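**Student:** With chain A fixed as given, assemble chain B onto it according to the hints.
In case you want the letters, here they are:
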Amino acid sequence: MDAAQRVTQTQGKLDVTQPTADTLCVRLTGQWTMHATLPATAVVQTELAAMPQAQRLIFETQELTGWDSELLTFLLKLKEICTQRQVEFEQAGLPHGVQRLLALATAVPEHHEGRREGGRESIVVQIGKGALAATAATHEFLIFLGQVALAFVQLVRGRARFRGVDLMLIVQESGAQALPIVSLISFLVGLILAFVGATQLQQFGAQIYIADLVGLGMAREMGAMMTGVIMAGRTGAAFAAQLGTMTVNQEIDALTTMGLTPMEFLVVPRILALALMMPLLCIYADLVGILGGAVVGVGMLHLDAAQYYQQTLYRLHILDFVVGLIKGAVFGVVVALAGCLRGMQCGRSASAVGTATTSAVVTAIVWIIVWDALLTVIYNILGI
Amino acid sequence: MVRDLTMAYGSVVIQRDLTFTVRRGDIFIIMGGSGSGKSTLLRHLIGLQAPAQGEVWYDGQSLWQAEPDERERIMRRFGVLYQSGALWSSMTLAENVALPLEQYTNLSPSQIRDLVSFKLALVGLEGFEAYYPSELSGGMQKRAGLARAMALDPDMLFFDEPSAGLDPISSRRLDDLILELRDSLGATVVVVTHELASIFTIGTNSVFLDADTKTMIAQGHPKTLLAESQDPKVRQFLTRGDQRP
Chain A
1 MDAAQRVTQT QGKLDVTQPT ADTLCVRLTG QWTMHATLPA TAVVQTELAA
51 MPQAQRLIFE TQELTGWDSE LLTFLLKLKE ICTQRQVEFE QAGLPHGVQR
101 LLALATAVPE HHEGRREGGR ESIVVQIGKG ALAATAATHE FLIFLGQVAL
151 AFVQLVRGRA RFRGVDLMLI VQESGAQALP IVSLISFLVG LILAFVGATQ
201 LQQFGAQIYI ADLVGLGMAR EMGAMMTGVI MAGRTGAAFA AQLGTMTVNQ
251 EIDALTTMGL TPMEFLVVPR ILALALMMPL LCIYADLVGI LGGAVVGVGM
301 LHLDAAQYYQ QTLYRLHILD FVVGLIKGAV FGVVVALAGC LRGMQCGRSA
351 SAVGTATTSA VVTAIVWIIV WDALLTVIYN ILGI
Chain B
385 MVRDLTMAYG SVVIQRDLTF TVRRGDIFII MGGSGSGKST LLRHLIGLQA
435 PAQGEVWYDG QSLWQAEPDE RERIMRRFGV LYQSGALWSS MTLAENVALP
485 LEQYTNLSPS QIRDLVSFKL ALVGLEGFEA YYPSELSGGM QKRAGLARAM
535 ALDPDMLFFD EPSAGLDPIS SRRLDDLILE LRDSLGATVV VVTHELASIF
585 TIGTNSVFLD ADTKTMIAQG HPKTLLAESQ DPKVRQFLTR GDQRP
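Residue numbers (our numbering), protein chains in the order written: chain A, 1 to 384; chain B, 385 to 629.
Just the calculated beta-carbon pair ranges, DEER-fashion: (1) Thr106/A with Gly522/B: 35 to 43 angstroms; (2) Pro616/B with Val362/A: 51 to 59 angstroms; (3) Gln437/B with Val124/A: 29 to 37 angstroms; (4) Thr20/A with Thr597/B: 47 to 55 angstroms.
The hints are simulated quantities; they were obtained by calculation from the structure and are not laboratory data.
All values derive from a computational prediction rather than experimental measurement.
Positions of the beta carbon are idealized from the N, C-alpha and C atoms, including for glycine.
Just chain A, with the same shape it has in the complex:
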């Protein structure tokens, strides 16, 4: 007989008898294990219910061939039922080991306040709690912002303490090493802009304005935005993970006791690095995006390459690039802030690092879009 067959064939059985008028006897036979098919407690419960004069519940287990925790959970349920019906639960007939385990499991009374129960709160309580949490989060964010500001004051006064090596390393990681992915994404975005424009503009024979569309679109908007989103996913997440892990490992505490402020030592170089690198990446993204547009324009719409180049030069002013670069710098600060904030807020467990990382990316992207909208409105008012 192989294992699978044995598993399907084992079963536990119970018979309920009534030896005296006020006693119910449960006779357990066969295998009472996790792999066996077992009767439900309801059987005994109905027997008990049918016998209101019952005073005692006893057990007979001579023919019980095997048992494990499954039997114990069954017995605990029975015991509960007995307590409710004020019937005496006599365990004398049970195997010795079972009796001892039962005693162990019931030795310490259940910790009632400790058992957390969810999903019972009314909608009002939930809204209230949500509002309080939101206030607390805003408060925490403002404190963080204040600390960052103070750290930058120290930086301006030349008193901020961090290692130049760290700054260089972050610059390299967030700047140079991001070039391949920024190239790919911006080339494709330029390509997409050109395609979208081409189908419309071709109807009027105005294909040449593709150059305007791609140029302005990349320089003023998409270059900064796409780089920002890439940075949020790439660098913002990395910042949150790094700082989060450092919180979990007490490395942040170690810095603090050494008199090094984490804000100066960890956050300042990260914000600085991204604020410096983002405009550079941005301008690179603009140029690659325009190249992507040109590939569609020249390759598909058969525009003259020189003409495309001239049209781009004619339409794009230096101001358009500046507008995009300012956005880029703002997005850089925003991404670094979101990453560092979530990293520093990280709880003290491994799973908290994962949550912090995810939250950093989401926060960064939301802030990027909000700031993009704000800046666009401001530019509009200023007329640039």
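**Tutor:** Structure of chain B alone, referenced to chain A:
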């Protein structure tokens, strides 16, 4: 020295009315069961967490009343060994030990290099300068953490559960090292632990925190406590439960 210290997370009080004095040269043990607030007390002593009430004094100066600059000066005399070592994982051992030296001294790079080798040699890790913390075993990480804690020749050393996660022999060696450092450097040592063997071998004074009453219920030399304490909880703890309350 601690006076009337009450610690709390938000409105949840962890311990109240703690008052004790750590003398120079003591190896002071903070003991108590799990969740009694030993590590939290340590965080208050080393300036990581502000007390809800009361004060922590160092040589007549209050740590939490002091100006930030003043507090930093006090804290610079501390060396702390964290439970997990807490080495900065992005730096090599040498960089870890060198960082405090770079920040607070005007030593030349070659002087720093020599000092770093010396500190690592003290904890038996000479030659591991270029290793990253993740490449070391738990015991080695702890010793490296100790080397970093000693970088600035502190006169107060704090240990958070030094023997947690170590095998008996490594843990014994760490105890010997703590004794050796106290004697040679003349440092004052504060240790959070519930390792009975360590408590009796190295402790010269102690305080016992209780989670139920949320305050300290005994203080004194661990061996004296074992011999004389009338408190059943202290007796139970120090005899590993042989003498139940």
